[in-house]
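Chains A and B, in that order, are what the protein sequence lines are. Using the working numbering, the first residue of the first sequence is number 4, and each one after it goes up by one. Using the working numbering, the first residue of the second sequence is number 4, and each one after it goes up by one.
Check the hints yourself; a few may be wrong.
Pairs involving identical chains hold if they fit within one copy or between any two copies, as the list cannot separate such chains.
20 Å max Cα-Cα, derived EDC-like pairs, lysine to aspartate or glutamate [stated by the list, open to error]:
1. K163 - D455
2. K103 - E482
3. K603 - E444
4. K256 - D408
5. K254 - D484
6. K386 - D575
7. K661 - D588
8. K661 - E632
9. K254 - D35
10. K559 - D659
11. K95 - D617
12. K254 - D408
13. K386 - E48
These are calculated hints, taken from the structure and not from any lab test.
Protein chains: 2
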Amino acid sequence: MPFSPVEQLEVPLQKVNITDAFWLEYQRLVKDVVVPYQWLALNDEVADAEPSHAIENFRIAAGRSDGEFYGMVFQDSDVAKWLEAVGYLLAKSADPALEKTADEVIELIGEVQQPDGYLNTYFTVKEPQQRWSNLAECHELYCAGHLIEAGVAYAQATGKTRLLEIVCKLADHIARVFGPGEQQLHGYPGHPEVELALMRLYEATGERRYLELTRYFVEQRGTQPHFYDIEYEKRGKTSHWNTYGPAWMVKDKAYSQAHLPIALQQTAIGHAVRFVYLYAGVAHLARLSQDQEKRDICQRLWQNMTQRQMYITGSIGSQSSGEAFSSDYDLPNDTAYTETCASIGLMMFANRMLQMGADSQYADVMERALYNTVLAGMALDGKHFFYVNPLEVHPVSIPFNHLYDHVKPVRQRWFGCACCPPNIARLLASLGHYIYTQRPEGIDINLYIGSDAEIQIGEQRLHLRQSGGYPWQDRVLIEIDCDCPLAATIALRLPDWCADPQISLNGTPLQVAPQVQRGYLRLTRQWCSGDRLELTLPMPITRVKGNPLLRHVAGKVAIQRGPLVYCLEQADNGSELHNLQLPADAPFSLLAGKGMLSGKTLLQASGLRISASDAAQQPLYRFNPAPAEMQPQTLTFVPYFTWANRGEGEMRVWVDEK
Amino acid sequence: MPFSPVEQLEVPLQKVNITDAFWLEYQRLVKDVVVPYQWLALNDEVADAEPSHAIENFRIAAGRSDGEFYGMVFQDSDVAKWLEAVGYLLAKSADPALEKTADEVIELIGEVQQPDGYLNTYFTVKEPQQRWSNLAECHELYCAGHLIEAGVAYAQATGKTRLLEIVCKLADHIARVFGPGEQQLHGYPGHPEVELALMRLYEATGERRYLELTRYFVEQRGTQPHFYDIEYEKRGKTSHWNTYGPAWMVKDKAYSQAHLPIALQQTAIGHAVRFVYLYAGVAHLARLSQDQEKRDICQRLWQNMTQRQMYITGSIGSQSSGEAFSSDYDLPNDTAYTETCASIGLMMFANRMLQMGADSQYADVMERALYNTVLAGMALDGKHFFYVNPLEVHPVSIPFNHLYDHVKPVRQRWFGCACCPPNIARLLASLGHYIYTQRPEGIDINLYIGSDAEIQIGEQRLHLRQSGGYPWQDRVLIEIDCDCPLAATIALRLPDWCADPQISLNGTPLQVAPQVQRGYLRLTRQWCSGDRLELTLPMPITRVKGNPLLRHVAGKVAIQRGPLVYCLEQADNGSELHNLQLPADAPFSLLAGKGMLSGKTLLQASGLRISASDAAQQPLYRFNPAPAEMQPQTLTFVPYFTWANRGEGEMRVWVDEK
């Protein structure tokens, strides 16, 4: 097996040790709770959860069991995401029992692989004659992509190449099936994912054909005559999904970002997860093929997405129907879909944009998505999950209004369509990939997460030790250990929310402004062991206002401190949160969280409540009433990511400003 | 044919002449535009509209044409509503050509009637074996109800009883099919309507069996074992509608207000039109059977509906899914469904509550629904219609967000499911039924609509002439002409929006307060010809505030003058209406409308606009920004019912208050 990786800009997980209490707890949850629980779920051993059948599907496809395929057409991807997360865990610490289990799953997967390399349990068990007949709807390439990612992660973690060999054989099969040749299919996935996976496979193996296959998928996308129509006709107009009408997924091509070639796409559109997965792949391809045009496309669409269609919590995809973007400045709070997976994909896209060149706009969004929506996707116990992350919830209205059918007021145990929980697991387990970007001339620090990182700069070794109390405290200490002297650039991101960052080197303040490029403070010098950088990112409570074109937040304010967006919860503030007002000049104080929220910093301010006593006995409308009676009330804000950990209750991020 | 009507509390249309310029224009539109247009539509002679096929369905069912049934299962009701409107028109003025056409339609209908009295083109043509097999879903009784209403109206207008005979034969057939007997079906309609129609038939004929049939339908409703389940099993679980899943209309019994017996129902629930049609029938039954328990049920549900679930525009049914109520205090403005027909049904329910006893809470809502939502349902040209009446519209967002799939930013020509336009026509053509309630001891004036009315009080005749410039002007003049002296009570509704009504008799002011009962000013005296009552209902601009439990209008204000709710439109105020603020103390002035709005009174106030210049170039979120720059802007408010008559643009009723 050739294994000559392309130089990666991510620091290998083995070289990044997270030491930060905040994140160690999440790492622990993933290792001790999420991944074991997920394993039980994949094997249908969780009593109160919908069955997954995912492992059993592989056993059936391998001929080890009799039975029928059960689950979504993309059920295989849950096994792949689990294996990928396991790979990341094993990269950090040995776990022979877990590794043995994973190796057994890999063997099982190997048995399912067909002699020609094809690998998919749904089609193998259920519709063996229909392979590759429904790219628009049936997720074969999506599942392949996740398996490829698992193969890469597992090989990088363990050095074992069995799964990597399997996925290379699968990728080679795909490369034979798809392409411009007369006998090849001129198609591409309905649900992008394989693009970014193939780019990772290229990085892991150095095999240029995987990059070329990505390029084919990306450049073929949205061309005419349209492949989705061609295959639809060819298979006799059958359809796998009819949720919104016959073959809607074939017809609504923007849903899959296949309405136009990517060069002509102007706005973030369609299914939000597909969008960010696709453009993460395109960005990865742009960097490794030095394709400025594709980079420009990524930048243009990034701009539209983050400057017109993103919530303050770093979430995207405002509508439930199609789990999709809507249009510029259309961001309702209470009906928001804003899938956890979409924010994970947003981080993947952001990270690849960063790898093309340090620019804090990407890291700012990556951080915003991580600390708010991605973390909100999982309960503090690691056992309950949100798919959907609205910015305002009024639980008593949910059961009676179909607008809220997708909204859960508390996190759920698991899901039949289990995309988000394992996605959170693999993201958190691979967080080391997002903290730093290593470059020939030095290192970018994208996220302030306490960690030790070791990187090679040319022939030399640079060891960074980051510490501090982020996201609660404003001081970040970076200690250097290296072969002295080491000429290198250490670039520190200056977050968008921080008005006045300060830096000192070995106790001596440095000027910030002259050394800032695209939001990174770039320190180029001869570094020596013992050098200490102290970055101070003052975290006053920040009032965030929406662009005047955001009609859903007119007259409202959101509260942020550091990277954390805060919200009001009924548990602290009583019900009818819409009757609370925050005066424009109200001073804030910090408050240490207790109970479930211990270790978290809460915020308090003197606010007002419109009196609603006796309101249920009052008329629905009043004519020329006296000004509303206002009562002073202390408003308690909790970090958005911690909401709904204390039972069911109202929540809102955007608060009326008085 | 026996025809010994029960004494009606509605003044017959022949005895009420509307003389009011405001309403004469609507009467003219109905007569000259809507009814003729509707006739063309029913005959598929409107080029740019969806075909109706409704007349052709009758021709096919009568054996005059070959072909297939086309349209909704309730397509017959469009013909019935047209005939009912024609009846009302003919009651007011002769139109031999129209009457001839109507008589021909009635003959056609007669030919469709089966020997046993059954009458429905869908089942006769398409599923003759399936009659009465699917009450929950298939609208047979609903269509029968509309035909019965037409028969009553046409007989009362023309004295011709052919259609009345047909519908009596149909009603008698229904009375044989349904009832407690062993061989009878123990069912009731999925879509209520036949109840109120049968009560009208009872009033028109004096035949008590129609009242008893109504009582059967009403009391059988929601009992166990559930009839919808029984018939569903019996017909082999087939389903006519699968919009929201298999047989959802059978399963979601609250959709049809059939989840519980009405005595146990506590809240307005389910499909809003069904709800108000049902309870209009129940109220009618309660009055004519002196059933206090049913009256109490109506009052309880009326209270819930109007004090928890009604918009300021007198519209109901806040959600698109199921065209239904949601729950208490859940009234979103931009996604509101608020069907025109539901407000028409609300007026019908209100009028029947009034007939049980003058109480201004019913007339206030009736007026609110009429002057705002019902009128808004039709364009000022009489040719375009709204089904859906949201209180806030942002047209550029509509095509991209499925939340707004049901919202049209401008009125449409006609509809495939054409319930609302003919419903508006029959309501406006029968408006005389709503203005007055006649009682043995006098008359209640519910609505201030310029008109001459003649009523009998015992053996004596009372002629009232109402005039004034309502809803624009505050003076209502009531002139009496009668056999002198006439002992009678004239009761004048004092509207909820009017803080300081004044009254004079022959120039002498009378005290108001001591003579008010349940919101009606009751003047009991010996009346003589030449008596002049002058009622002044001062119409200052009123600021309306929502109950503090209405989260969607927190911090906002609506503007009302007289019975009219006003709104902001983009045509007068520019786009991004959410950036407009109305200071709490801003004085208002009146402004005469021009162009399309000539004759209408507009309102203006000095408001503020949050500057959004260059906003598209600004970031999506800003941290601790300087206070928003506010520019003074004159805010122009137009009556809600006139919105969207000047092209597509934003609209909002609830405005941010500064």
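Using 20 Å as the alpha-carbon threshold, which applies to K661 and D588: within, between, both, or neither?
-> both (9 Å within a copy, 16 Å between copies)
Between the shortest in-copy and the shortest cross-copy C-alpha distance, which are at most 20 Å for K603 and E444: within, between, both, or neither?
-> Intra 37 Å, inter 73 Å, cutoff 20 Å: neither.
Intra/inter-copy verdict for K254 and D484 if alpha-carbon distance must be at most 20 Å | neither (57 Å within a copy, 69 Å between copies)
For K386 vs E48, is the C-alpha pair at or below 20 Å within one copy, between two copies, both, or neither?
-> within (15 Å within a copy, 63 Å between copies)
Evaluate K661 and E632 at a C-alpha cut-off of 20 Å and name the case that applies: within, between, both or neither.
-> Both ways: K661 and E632 sit 14 Å apart in one copy and 16 Å across, limit 20 Å.
How would you classify K103 and E482 at a CA-CA limit of 20 Å: within, between, both, or neither?
-> Intra 38 Å, inter 98 Å, cutoff 20 Å: neither.
Give the relationship of K254 and D408 under a CA distance limit of 20 Å: within one copy only, between copies only, both, or neither.
-> between (25 Å within a copy, 17 Å between copies)
Quick one: K256 to D408, C-alpha cut-off 20 Å, is that within a copy, between copies, both, or neither?
-> Between copies only: 18 Å across chains, 25 Å inside a chain, cut-off 20 Å.
Given identical chains, is K95 near D617, meaning Cα to Cα at most 20 Å, within a copy, between copies, both, or neither?
-> So K95 and D617 fail the 20 Å test inside a copy (58 Å) and across (49 Å) alike.
Intra/inter-copy verdict for K163 and D455 if alpha-carbon distance must be at most 20 Å = The answer is neither: 25 Å in one copy and 96 Å across copies each exceed 20 Å.
How would you classify K386 and D575 at a CA-CA limit of 20 Å: within, between, both, or neither?
-> neither (23 Å within a copy, 54 Å between copies)
Are the CA atoms of K559 and D659 at most 20 Å apart within a copy, between copies, both, or neither?
-> Result: close both inside a copy and across copies, 4 Å intra and 11 Å inter.
The earlier numbered hints that this structure contradicts are 1, 2, 3, 5, 6, 9, 11.
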